[in-house]
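All chains, please: the whole structure from these sequences, using the hints.
Residue numbers (this note's numbering), protein chains in the order written: chain A, 1 to 420; chain B, 1 to 345.
For the record, the hints were derived by calculation from the structure and aren't laboratory data. Mixed in with the good hints, there may be bad ones.
Claimed, not checked - Derived DEER-like restraints, expressed as beta-carbon distance ranges:
1) A:Lys37 - B:Glu343: 54 to 64 Å
2) B:Lys2 - A:Glu337: 43 to 53 Å
3) A:Asp106 - B:Phe91: 50 to 60 Å
4) A:Gln31 - B:His125: 57 to 67 Å
5) B:Glu247 - A:Ala381: 53 to 63 Å
6) A:Lys281 - B:Thr336: 49 to 59 Å
7) A:Lys37 - B:Asp92: 55 to 65 Å
8) B:Trp242 - A:Gly183: 37 to 47 Å
As the list claims (entries may be wrong) - Taking lysine-lysine and the BS3-like style, the derived pairs with C-alpha atoms no more than 27 Å apart in a straight line are:
9) A:Lys341 - B:Lys38
10) B:Lys3 - B:Lys171
11) A:Lys374 - B:Lys60
12) B:Lys313 - A:Lys102
13) B:Lys3 - A:Lys397
14) A:Lys213 - A:Lys351
15) B:Lys3 - A:Lys165
16) A:Lys374 - B:Lys38
Claimed, not checked - With the Cβ distance kept under 10 Å, some of the chain B side facing chain A (calculated, not the full set):
17) Glu81
18) Phe82
19) Glu105
Idealized CB from N, CA, C, for every residue including glycine.
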Amino acid sequence: MSKAEIKSNKMLNATMGLKNIMGRHFLAIEQAYRDGKPTAWATSGSPVEILYAMDVQPMLPENSATVSAAQKYSQNFIEMAEEEGYSYDLCSYFKTNVGAVKSEADMIKGGTRKPTFMLSTDVICDTHVNWFQVQAERFNVPHFTIDVPHVVSNTNQRQYNYFKKYVVEQLYEFLDFIQEVTGHEYDEERARQITQNSWDLSMVWQDIYELRKVVPCPISTRDTFGGLFPLFTMPGLKEPIRLYKKMYKEAKARVDNGIGALEQENFRLMFEGIPFWYNLKYFGTLERWGAIIVYEPYTYAFSKYMNPNVTKEMVLNQPIEAMAELMLSFWYIYDFETRVKKFEETVRDWKIDGVLLHNNMSCRPNSCGLYDLKRKLMDEADIPCLIIDADMNDPRKLNETQVTNQIESFIEILRQRKKK
Amino acid sequence: MKKIGIFDSGVETPEEIILAAGLIPYRLFGDPTIEPDKANEHIPPTHCVWTRNLLEKAIKGLDEDIIGIIGTHGCDRTNREFDIWLECLNFDFMFFLNSPRKRDESALKFFIDDMKELITQLEDHFNVKITTEKLRESIKKMNNIRSLLKEISEFRKKMILKGSEFHALVKLAQQQDKDEVVKILESKLEEFKTRNPFLDTNIKKVILTGSDIDDTEFIKYLEELGFHIIIDDLGVGTKYFWDLIDENEEPIVALAKYHLNKPIHSTKFPSYERFEVIKKLAEIYEVDGIINIAQKFCEPILYDHPYMNKMFKNLEIPYLFVEVTYNRESYKQLSTRFSAFAEII
Ligand code: SF4
Ligand code: SF4
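Take a look at the structure:
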């Protein structure tokens, strides 16, 4: 790659290919309906790999909800759900989905079709289970939920072991459930192939993240917020691996040439929480201060293979056990102590100047603990933090002017610290 | 005697195990006359009003006899906030019990494992032995309390006992020494047997459901507006005593089965089955209507409400859904809605 080619300092060229990849995902869904192949809704954090391994086409309504938001339809859908009696205070992904289904929206507007069955888990939130209960009743389709015990700061190894046993048992029950509903059998060889791809996909994503440690950071949220979707929707397929590899190569070339995503990188930030999908441009405004987000636990979390006890061998040879272990131990559900520790490590390793914490009104599981997290990071580790109140899919809950003023003052604090 | 505080969005904690350890199970309730100022420094104000209130009380200091806390898996609030309790409170014994969301065979096995872990940790920490015999004794004791409460509850149907008076008794049963509880309930039972019914013909008989309600004043407030809570579907209510534990089975297994088979709370799966529970009670007790109360920001109830609304509409049973802020002053603002409902039923 010539220096001229790599000088683009905004989105990576490779990220442009994301549209095609996601297009393929939606085409695969259409094709599945045409072929009469079974389909399933799945919540994030659930083992989508099992669906691919059993030849069931997954659909992730959360992903679709972000599409609605990006296309500026989410508010309308949310209000439709509220008319049905769903509270203003409930998760806006859920309400977006209720409105999208009710209005029979196209996939490009974030619509989702009636699946053969639904798979939820409470690993991340109650909402996932309640949401699919609502929609499974509406569509009259079977719904399987995986109950994941909650790991807290003082959970011991003994407990962890029987937590895992419970999840493993349910995953095997889930295989039986799929077989019963679809007639498809679990094929170990196919499962191995799928988990191999899922592993590879995550590893490239993690490699991309490694590059973000470099100053200046080669890629910004323009690449990661959208780039995350294949991890949700296509873990187990080959195409997204190729895309991620291209992203990596391009980012690496930037690193090798000392080029950052910003022309002038002044402040390196971390962003905790889900972005405002209806206003992704907002994150571009950080550039006016030379600030760049170099780490988002949210986009990193779904490259799930982070638990050192889950080795590649385990993933390939005992995929069910590996999945169970991962469901108990990934970024998005860390107990408070681990969460603080991970934040401190990340701030150090990614050379972060300040942390933005999104107090997401939709996502109580994620916003729970933010206040203490902020206090710990600031008081014990001297890391500046700012809490922003907003919502990931409901534009009514973002007060842009207020948030901008807060960030501006925050940047000023970071500036003063740098002068010292 | 020393107590173990229970932080539970329902009544999913096996009190028998605590009793068998020689301790008093003490379910934590809120105080709707205080503001959660300190708790708001830890939990955003758009999260459940009730758990924030509980945390407020806990930060300010609990009864000094309380020497440990058990948090029990219920909704996202109890689950996620337990770590905050660990941060804010200074108890040597704090245990999170993962009462399962599902109610099948694997859930049963898991719950048994988790209860065994609770036993191990109680034994190690308090240097006690929780024997099968002690567990059997405490199951018997609790079954006795359940039977007494169930019998007393029927005086609500006979229009002898007001819902608020009954509510206060169930609360008491969840906090006091169980031997004391038995004595109080036995004497109350005798008293109710001789008490005359109240003769208000205009009274509206309702079933109360929703988030758990621990403020007896709220029940009194509903009574002042013309309702009689003839039956309920609450943790501070029927969910605490409706079924009995099998006394012949191995105690831990019996305890686990009891909790997985009792009338479902909205925090468990599938929560829509709660509709069947309410419907059945509504039929048996020939209620005039259903009042479903959600504590402000209570997600489990907020998710289920439109389904309940639809189903009760189909059955042509009047149904009222109200969100309540856990604050006595704010109840008054709801009077118009409750009164309008009383008028139509
Ligand atoms: S935004 Fe939060 S509450 Fe909503 S579905 Fe996602 S994890 Fe659950
Ligand atoms: S009131 Fe609702 S949100 Fe609050 S603890 Fe109870 S079930 Fe959970």
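Right, here's what the structure says about each hint:
1. A:Lys37 - B:Glu343: 54 to 64 Å: holds, 55 Å
2. B:Lys2 - A:Glu337: 43 to 53 Å: Between Lys2 of chain B and Glu337 of chain A, where Cβ atoms are some 27 Å apart, the hint is violated.
3. A:Asp106 - B:Phe91: 50 to 60 Å: Distance hint for Asp106 of chain A, Phe91 of chain B holds at roughly 54 Å.
4. A:Gln31 - B:His125: 57 to 67 Å: holds, 58 Å
5. B:Glu247 - A:Ala381: 53 to 63 Å: holds, 54 Å
6. A:Lys281 - B:Thr336: 49 to 59 Å: Violated: the Cβ-Cβ distance is about 44 Å, outside 49 to 59 Å.
7. A:Lys37 - B:Asp92: 55 to 65 Å: holds, 56 Å
8. B:Trp242 - A:Gly183: 37 to 47 Å: The hinted range 37 to 47 Å holds for Trp242 of chain B and Gly183 of chain A, with Cβ atoms some 41 Å apart.
9. A:Lys341 - B:Lys38: Judged against 27 Å, a Cα distance of about 25 Å means the pair holds.
10. B:Lys3 - B:Lys171: The given pair, whose Cα atoms are some 16 Å apart, holds under the 27 Å limit.
11. A:Lys374 - B:Lys60: Status holds; Cα separation ~22 Å.
12. B:Lys313 - A:Lys102: Holds, because 20 Å separates the two Cα atoms, which is no more than 27 Å.
13. B:Lys3 - A:Lys397: Answer violated: Lys3 of chain B to Lys397 of chain A is near 43 Å, above 27 Å.
14. A:Lys213 - A:Lys351: Answer holds: Lys213 of chain A to Lys351 of chain A is near 7 Å, not above 27 Å.
15. B:Lys3 - A:Lys165: With Cα atoms ~32 Å apart, Lys3 of chain B and Lys165 of chain A exceed 27 Å; violated.
16. A:Lys374 - B:Lys38: Given pair Lys374 of chain A, Lys38 of chain B holds - Cα atoms ~16 Å apart, limit 27 Å.
17. Glu81: holds, 6 Å
18. Phe82: holds, 5 Å
19. Glu105: holds, 9 Å
In terms of the numbered hints stated before, the structure departs from hints 2, 6, 13 and 15, listed from lowest to highest.
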